[in-house]
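Quick note, the sequences are listed as chains F and X, same order. Here numbering that gives the first Met the number 0 is used: position 173 in the first sequence is 172, and no number is missing along the way. Here numbering that gives the first Met the number 0 is used: position 47 in the second sequence is 46, and no number is missing along the way.
Be a bit skeptical, because a hint or two may be false.
[What the hints assert, rightly or not] Below, computed lysine-lysine pairings styled on DSS-like, alpha-carbon distance capped at 25 Å:
id	chain 1	residue 1	chain 2	residue 2
1	X	Lys291	X	Lys353
2	X	Lys308	X	Lys353
3	X	Lys278	F	Lys292
4	X	Lys225	X	Lys174
5	F	Lys313	F	Lys400
6	X	Lys278	F	Lys255
[What the hints assert, rightly or not] Between beta-carbon pairs, the in silico distance windows are:
id	chain 1	residue 1	chain 2	residue 2	range
7	F	Leu278	X	Gly169	50 to 56 Å
8	F	Arg68	X	Trp272	53 to 59 Å
9	X	Asn318	F	Leu278	32 to 38 Å
10	X	Thr186	F	Gly401	44 to 50 Å
11	F	Leu145	X	Asp132	29 to 35 Å
12	F	Gly251	X	Asp132	51 to 57 Å
13	F	Lys117	X	Gly260	43 to 49 Å
14	F	Gln410	X	Ala5	54 to 60 Å
15	X	Phe328	F	Lys117	56 to 62 Å
[Claimed, not checked] Pulled a few chain X residues facing chain F out of the computed Cβ check, cut under 7 Å:
id	residue
16	Leu11
17	Arg78
18	Asp99
19	Asp100
20	Asp132
21	Gly136
22	Asn280
23	Asn282
24	Pro354
For the record, the hints were derived by calculation from the structure and aren't laboratory data. We put the beta carbon where it would ideally sit given N, CA and C, even for glycine.
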Amino acid sequence: MTDKYDAIVIGAGHNGLVCSALLGKAGKRVLLLEANDQVGGASITREFADGYSTSACAHLLYQLQPEVRKELKLSTRMASEDMTTIALAEDGNHVRLHNKTAEGVSENDAREYREFRKRTTRFADLLRKFFNKKPPRLGTRNFDDLATLGQLGLNLRMLGREEMQAFLRLIGMNIHDEVTERFENPVLKGAVSLDAVLGTHLGPRSPNTYMTYLYRLAGDHGRSGVPAGGMGSISNELAQAARSSGVTIRTGMPVKRIVISNGRATGVETESGEMFESLTIVSNADPKTTVMKLVGAQNVETGFATRINHLRAKGNAAKLHLALDGLPHIDGLARKDFAERIVIAGSENDVERAFNPAKYGECSPSPVFEITFPSFRDETLAPTGKHVMSAVVQYAPYEIKGGWDDAAKEQFMQSIMDTLAKYMPDLAERVTASELLTPADLEAEFHMTGGHWHHAELVLDQFLFVRPVNGASQYRLPIDGVWLCGAGAHPGGGISGAAGRNAARTILSRENAS
Amino acid sequence: MTVRDAVPMGPLKTPFYPRHQEIDIVNQWHEWKGFSSPDSLYCEDLEYFAIRNGTGVFDLSPMTKYRITGPDALAYLNRLVTRDMAKVGPGRVAYAVWCDDQGQVIDDGTIFHLREGEYRLCCQERHYTWFQDATIGFDVNVEHETENIAGLAVQGPTSYSILKTMGVKGLETLKPFGLIHVDFAGTEMMVSRTGFTADLGYELWIDPAKALELWDALFAAGEDFKIRAIGTHALEQARIEAGYLAPYAEFLPSDETVRTGRSRSPLELGLEWLVDFKKPNFNGRRALAEEKRNGSTWRLVKLDIDGNKVATNSYIYSNAKAKGKEIGFITSATWSPVCKQNIALGTVRTPHGKPGDTVWVEIYYQREMHWNREMAKAVVVEKPFWFPARRGATPPNPA
Numbered sequence: 000m001t002d003k004y005d006a007i008v009i010g011a012g013h014n015g016l017v018c019s020a021l022l023g024k025a026g027k028r029v030l031l032l033e034a035n036d037q038v039g040g041a042s043i044t045r046e047f048a049d050g051y052s053t054s055a056c057a058h059l060l061y062q063l064q065p066e067v068r069k070e071l072k073l074s075t076r077m078a079s080e081d082m083t084t085i086a087l088a089e090d091g092n093h094v095r096l097h098n099k100t101a102e103g104v105s106e107n108d109a110r111e112y113r114e115f116r117k118r119t120t121r122f123a124d125l126l127r128k129f130f131n132k133k134p135p136r137l138g139t140r141n142f143d144d145l146a147t148l149g150q151l152g153l154n155l156r157m158l159g160r161e162e163m164q165a166f167l168r169l170i171g172m173n174i175h176d177e178v179t180e181r182f183e184n185p186v187l188k189g190a191v192s193l194d195a196v197l198g199t200h201l202g203p204r205s206p207n208t209y210m211t212y213l214y215r216l217a218g219d220h221g222r223s224g225v226p227a228g229g230m231g232s233i234s235n236e237l238a239q240a241a242r243s244s245g246v247t248i249r250t251g252m253p254v255k256r257i258v259i260s261n262g263r264a265t266g267v268e269t270e271s272g273e274m275f276e277s278l279t280i281v282s283n284a285d286p287k288t289t290v291m292k293l294v295g296a297q298n299v300e301t302g303f304a305t306r307i308n309h310l311r312a313k314g315n316a317a318k319l320h321l322a323l324d325g326l327p328h329i330d331g332l333a334r335k336d337f338a339e340r341i342v343i344a345g346s347e348n349d350v351e352r353a354f355n356p357a358k359y360g361e362c363s364p365s366p367v368f369e370i371t372f373p374s375f376r377d378e379t380l381a382p383t384g385k386h387v388m389s390a391v392v393q394y395a396p397y398e399i400k401g402g403w404d405d406a407a408k409e410q411f412m413q414s415i416m417d418t419l420a421k422y423m424p425d426l427a428e429r430v431t432a433s434e435l436l437t438p439a440d441l442e443a444e445f446h447m448t449g450g451h452w453h454h455a456e457l458v459l460d461q462f463l464f465v466r467p468v469n470g471a472s473q474y475r476l477p478i479d480g481v482w483l484c485g486a487g488a489h490p491g492g493g494i495s496g497a498a499g500r501n502a503a504r505t506i507l508s509r510e511n512a513s
Numbered sequence: 000m001t002v003r004d005a006v007p008m009g010p011l012k013t014p015f016y017p018r019h020q021e022i023d024i025v026n027q028w029h030e031w032k033g034f035s036s037p038d039s040l041y042c043e044d045l046e047y048f049a050i051r052n053g054t055g056v057f058d059l060s061p062m063t064k065y066r067i068t069g070p071d072a073l074a075y076l077n078r079l080v081t082r083d084m085a086k087v088g089p090g091r092v093a094y095a096v097w098c099d100d101q102g103q104v105i106d107d108g109t110i111f112h113l114r115e116g117e118y119r120l121c122c123q124e125r126h127y128t129w130f131q132d133a134t135i136g137f138d139v140n141v142e143h144e145t146e147n148i149a150g151l152a153v154q155g156p157t158s159y160s161i162l163k164t165m166g167v168k169g170l171e172t173l174k175p176f177g178l179i180h181v182d183f184a185g186t187e188m189m190v191s192r193t194g195f196t197a198d199l200g201y202e203l204w205i206d207p208a209k210a211l212e213l214w215d216a217l218f219a220a221g222e223d224f225k226i227r228a229i230g231t232h233a234l235e236q237a238r239i240e241a242g243y244l245a246p247y248a249e250f251l252p253s254d255e256t257v258r259t260g261r262s263r264s265p266l267e268l269g270l271e272w273l274v275d276f277k278k279p280n281f282n283g284r285r286a287l288a289e290e291k292r293n294g295s296t297w298r299l300v301k302l303d304i305d306g307n308k309v310a311t312n313s314y315i316y317s318n319a320k321a322k323g324k325e326i327g328f329i330t331s332a333t334w335s336p337v338c339k340q341n342i343a344l345g346t347v348r349t350p351h352g353k354p355g356d357t358v359w360v361e362i363y364y365q366r367e368m369h370w371n372r373e374m375a376k377a378v379v380v381e382k383p384f385w386f387p388a389r390r391g392a393t394p395p396n397p398a
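Please put together the full structure from these sequences, using the hints given.
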């Protein structure tokens with residue numbers, strides 16, 4: 000005897016949680032299966048050293064869509080909100096960025112930054128509208144698709160002639176060209192460049208990094224925060240919302256395969272051999288895992304399998320966790336500044352230089368960083384008086400020459416500590432324990448192919464109408480009853496909930512239609 | 000050593016080239032996937048009548064061949080082609096088409112189930128990329144082996160007698176679309192009862208090193224049975240009489256089309272019998288199921304046309320006055336000497352072209368520079384134009 004559900008969601012990452020909760024809210028009987036022992040996927044808080052906890056993958060909240068907050072009535076208690084970005088300079092002349100203002104830069108740079116942010120914010124708002132919709136298909140006569148396309152055209156036109164031209168000119172461009180055109184201050188240029196490439200396998204000179212910068216703003220205009228208790232809190236809150244709308248959540252239940260019979264999904268089988276039946280299977284797993292492992296390439300068609308197989312999803316961001324017996328010294332920073340978001344990017348060229356070796360399967364000898372000290376505002380994360388440093392470190396290619404063995408990790412750790420020492424000379428003495436998660440580790444722990452935050456690289460040929468690939472861009476695989484709801488689907492990764500919400504809405508509207 | 004010595008220049012020569020060269024009088028050749036292939040060797044008409052009255056021997060070595068092996072070979076092929084390959088046992092050959100995800104035909108060909116789990120796929124075009132892409136998710140090995148095998152088509156009413164005379168054993172029980180492995184001069188030779196002429200006929204497949212020896216033995220055995228080497232033009236005439244499809248005539252390989260609507264589905268090519276919706280997933284299944292529900296746009300027709308003007312490239316109309324838009328066009332046409340009929344294959348828009356329907360073909364022909372136009376009446380026929388009883392008989396009546 001197997002259990003029957005209206006929908007089975009595979010993976011309790013934040014998108015899986017959002018999707019389940021919304022399906023549950025609509026009265027569906029939903030089963031949510033999670034491979035790990037806790038819900039949240041890459042948005043969890045966990046202990047990494049005795050007494051020290053931190054957000055294990057994603058560590059900042061800046062993209063959660065207001066629609067998700069509202070519909071699931073989230074009221075997340077925040078430890079930090081609206082953080083300032085402090086871009087460290089080796090000489091102590093740090094640059095501070097907050098909304099549209101830049102401090103510590105020339106008057107000209109400050110004015111240009113205001114203009115830059117004004118424009119990017121406007122463009123990001125335009126994108127955001129489409130992030131909360133099912134992406135339209137091109138060349139169809141479907142009413143929804145035409146309406147969305149029409150709206151996209153109209154919104155573009157409403158930017159005004161000049162701004163529309165600017166949008167079309169900039170969207171495929173790289174961030175390096177934009178920052179060098181506008182700014183003088185290398186630290187400012189480095190900080191903006193870093194924001195455009197965080198979590199991607201892209202350097203500031205890679206195409207469409209202007210778009211990835213917009214992507215970052217397409218939530219809360221880039222305003223970052225940290226929930227009290229770390230990113231796990233948001234997942235727990237989402238899980239609570241799901242449970243209260245009747246969703247059954249079962250953890251420690253890795254799914255082995257989606258059962259396909261006669262061209263349609265009829266259920267799932269777990270690794271432990273349990274079978275669950277449903278005609279709607281929603282996968283929060285990345286597209287490659289979903290198609291190649293869960294569905295099986297033989298159950299889709301050759302062209303589609305090939306496109307999925309060619310999907311670029313090789314992570315290049317590592318995650319660093321340090322347990323500290325005290326805050327390190329940073330020249331020119333006040334104590335309260337440790338509550339903010341600190342970046343070490345050098346200049347735009349330093350970010351590109353950090354990326355260079357990654358193209359050839361090597362780690363950056365001088366990596367770039369996005370750093371937070373979450374324990375500064377949240378005492379639950381470390382013993383009293385002690386601290387946690389959480390950092391995204393780039394670049395650490397998923398496919399490193401010789402593989403990610405202990406020696407490779409040790410070598411990269413050395414590069415990290417050497418680079419950090421230039422800004423925090425006493426850091427090494429403060430470290431009592433550390434954890435470095437390479438993309439290979441992120442893949443193993445969070446089951447995302449290539450350890451990539453976005454499940455599939457954020458590039459124009461894997462974006463919007465063609466995300467993850469042509470033929471699956473509307474959350475639906477070309478096999479009846481299988482849906483995508485994760486970061487690999489439109490619009491992409493980051494703790495935004497947009498993919499999960501859009502998927503749930505698409506599934507529900509389809510059911511209403513039939 | 001010069002570059003000319005180091006790098007083979009010009010078209011490749013098949014293993015039978017030396018024999019072709021000896022008998023070639025007309026010196027008309029074309030390129031077939033990198034190889035020289037004769038249009039005709041001495042006289043097109045005589046070559047054609049060799050197929051219909053004696054035996055025509057055609058060098059099909061340039062035919063593209065892939066070897067498909069491995070534990071998932073059957074599962075792989077079943078996902079690749081539209082028919083159910085589980086029903087094609089070892090020692091059998093299957094005509095098959097393969098489609099893209101949109102259910103549009105990429106190509107057609109024959110799949111030889113050589114031995115349990117070991118297959119050879121033969122077709123006119125090259126498809127290595129597609130066949131490799133199709134291996135994703137399967138434990139299967141696809142190897143291109145065109146140049147490793149020499150092939151001869153031995154086609155015509157006397158073909159059985161010639162092969163028997165040559166000493167091939169086991170032909171008495173070899174049914175159409177069957178294959179056997181026999182010994183030829185100490186080398187294994189595969190003999191299949193297949194062909195492109197709709198008459199009694201066989202195809203011989205052998206190591207290229209033995210090609211000339213085979214040719215000589217075959218022609219020695221055929222001396223009293225009207226054996227003749229033939230070129231592509233004679234075969235093409237026989238092919239149209241058989242009503243068989245040719246890529247770039249009846250359909251374009253879908254991966255070669257740019258404009259939408261220029262490719263064809265198997266249903267539009269009269270190959271619905273080859274599409275098995277009951278078997279597991281195959282390429283094009285979803286699209287073809289939808290097409291079956293909603294109806295096809297095109298229909299392949301065999302036309303018996305009045306008069307004797309060959310209807311090459313003609314438009315097809317629903318009425319004699321050519322009023323309104325044309326309903327389709329001719330894809331292959333010939334005068335059939337054996338049927339004494341003006342025949343053609345064409346593609347027309349549905350619902351036109353049902354068997355028994357009358358359509359009108361607009362034929363242009365030249366007389367001393369001046370062009371003439373004729374609207375010829377044509378009837379859609381269902382059966383192949385040429386399909387003698389001996390083709391299906393086992394053993395075939397010796398001729």
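Quiz item: In ascending order, which of the hints set out earlier in this document are inconsistent with the structure?
Solution: As far as the earlier hints go, 9, 12, 14, 16 and 24 are violated by this structure, in ascending order.
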